[in-house]
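*Asks:* Sequence:
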Amino acid sequence: MKFLKFFASSVTLDEKFLMFLLCNALSNAYKNSDLFSFSKGFLGAFLIGFVVYYGCALIPKKRLKYSLEWLFIGSGIIFSVAEIFTLFMFKMPFSKGLIDTLLATNSSETMAFIKSYKNYLLYYALILIALLIAIKIIRFRALVPGVIASVLGLSILTIGSVRNIKHLTKNDAILKRSLFSLSLARGFYSAYLSLFDRQQAIKFYSFLNNLYLPSDYLSSTGDISNVVLVIGESASRNFMQLYGYSVPNNPLSSELANERERERESNNLFVFSDTISKEAHTSDVFESLLNYSDAETTKPWYHYHNMIDIFKRSHYETFWLEKQIVDEWGITQNLVSNRSKNRYYILGNYGAYDEELVKFYSKNVQPQLKSKNFIVFHLLGSHSWYADRFPKSFAKFKPSDLSFSNLHASSDRDKQIVADYVNSLYYNDFVLNGIFNLFKDKDAIVFYLSDHAQDIFESGPTYGHSCSKAGLEIPFMIYVSDIFKEKHPEKVKLIKNALNKPFMSDDLIHSLLPLVGIHTKDEIESKNLFSPQFDAQRKRAVCYGSMNYDRTK
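Mind the numbering: the sequence shown is residues -17 to 535 in this note's numbering, read in order.
Listed below are the simulated SDA-like cross-link pairs for lysine to any residue, each with C-alpha atoms no more than 20 Å apart in a straight line:
| hint | residue 1 | residue 2 |
| --- | --- | --- |
| 1 | LYS535 | ASN14 |
| 2 | LYS535 | PRO484 |
| 3 | LYS424 | THR203 |
| 4 | LYS44 | GLU(-3) |
| 5 | LYS503 | GLU278 |
| 6 | LYS397 | ASN101 |
Everything labelled a hint here was simulated from the structure, so no lab data went into it.
Using the sequences and the accompanying hints, generate a full structural model.
*Replies:* This is the structure:
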């Protein structure tokens, strides 16, 4: 009887329990934008919350019981409001990709984030304080008698999980579905996936150091002396003169793209009109930018051969020049760039701006060049805080010079942010021109694309990283020297024929390598932008498959 009495403990559902239900239901509704999701979030939170409250009711020590209730409820509310915040700001729910991005964020990026979103962070803090006050003010008590509480609690545990014992990951048992309707559970599960994936990537790339590509894996007829890849940061084509923006913030690139047209000769710069990134954050993009992983593949990204190893196997000297801080948590960029034979960090001690990459290359890298070279420049680009990304001498455009008719920028602060972003792209044009000039007298082809874009008040009253159409619309261009045009006219023709094809940057490796004369067993002809067999009807599934870019308005 004592044993049965122990389980027959009454449960009091209070105001903090009610607030937990409402917050979780709201985060689910905001995530999926429908009433059913609100109901599902409410019910799921009730089932899991009741089990937790029932478990706490069995604890004889009141202080411990109360502490555990608050730990669960408080964490649940914080995570629910945080998920609403990430959905509002970045169009991203809790996911592995979001946690990857948070883990890869270094101290300087954290400070830039705080500067960029300090108002919204203040709103978030005020909402949490308001919820805490509401819990203190509201009086809500629902007493569930001991017998009913024990029957209900044990029933939820048994019925909710019995179907899930044999097939834990495949069967959508009630308790499992309820658990994953909690923002709290989604957050912790996403963190687990991110940390597990990180450890696996480190192990795999450590093994890769002692692994060579099979001798029959690739064939190379590449005779281009210099293949250069410039990876930009946070550049949106929607704010670039080259793509029709209303102010001349790409004067140097525009001149390169148009000067030969006036002379009825082939250009040196080719601009692609319809290129997007697969994701809206750097770490996510790097998982597929330089290897054979893409939106359709199913294995983890680190299981696929990468571009740098392939160039090394093709007898190219490899260089990586990095302007961004990459710490131990920025695992994707770190592992990928480390495959280069020569890797250089040109950080703040060299100067704050991207032009230092050009100076460093001229002084330190150029003397090391071999007969064939693959060189990567990774820019700081238009990374927020935008006003910090260009010297004062490049602060050319003021809000009064710009049009805001299609933007949700209302305050003077918002308009200044847009102006700073436009100026960062003006400076980026100067940096790109400097890189192009490094190779204008050599046999060279230079690919430039941004990792992802920024949604600058285009889809709503926010700016920055966003899994929206605007947040993925990146510039992509190819510069070729006069010597390259003379030696490789057939490649120039392939480039010209591809300018208006719909392209996604996760297929870069399928396109870049064949263009420079390197073919592997992993290449897919339909993913090669420069091939007549290129699949222009490919479904461009973005943001971890949650959005079809071409069908989204």
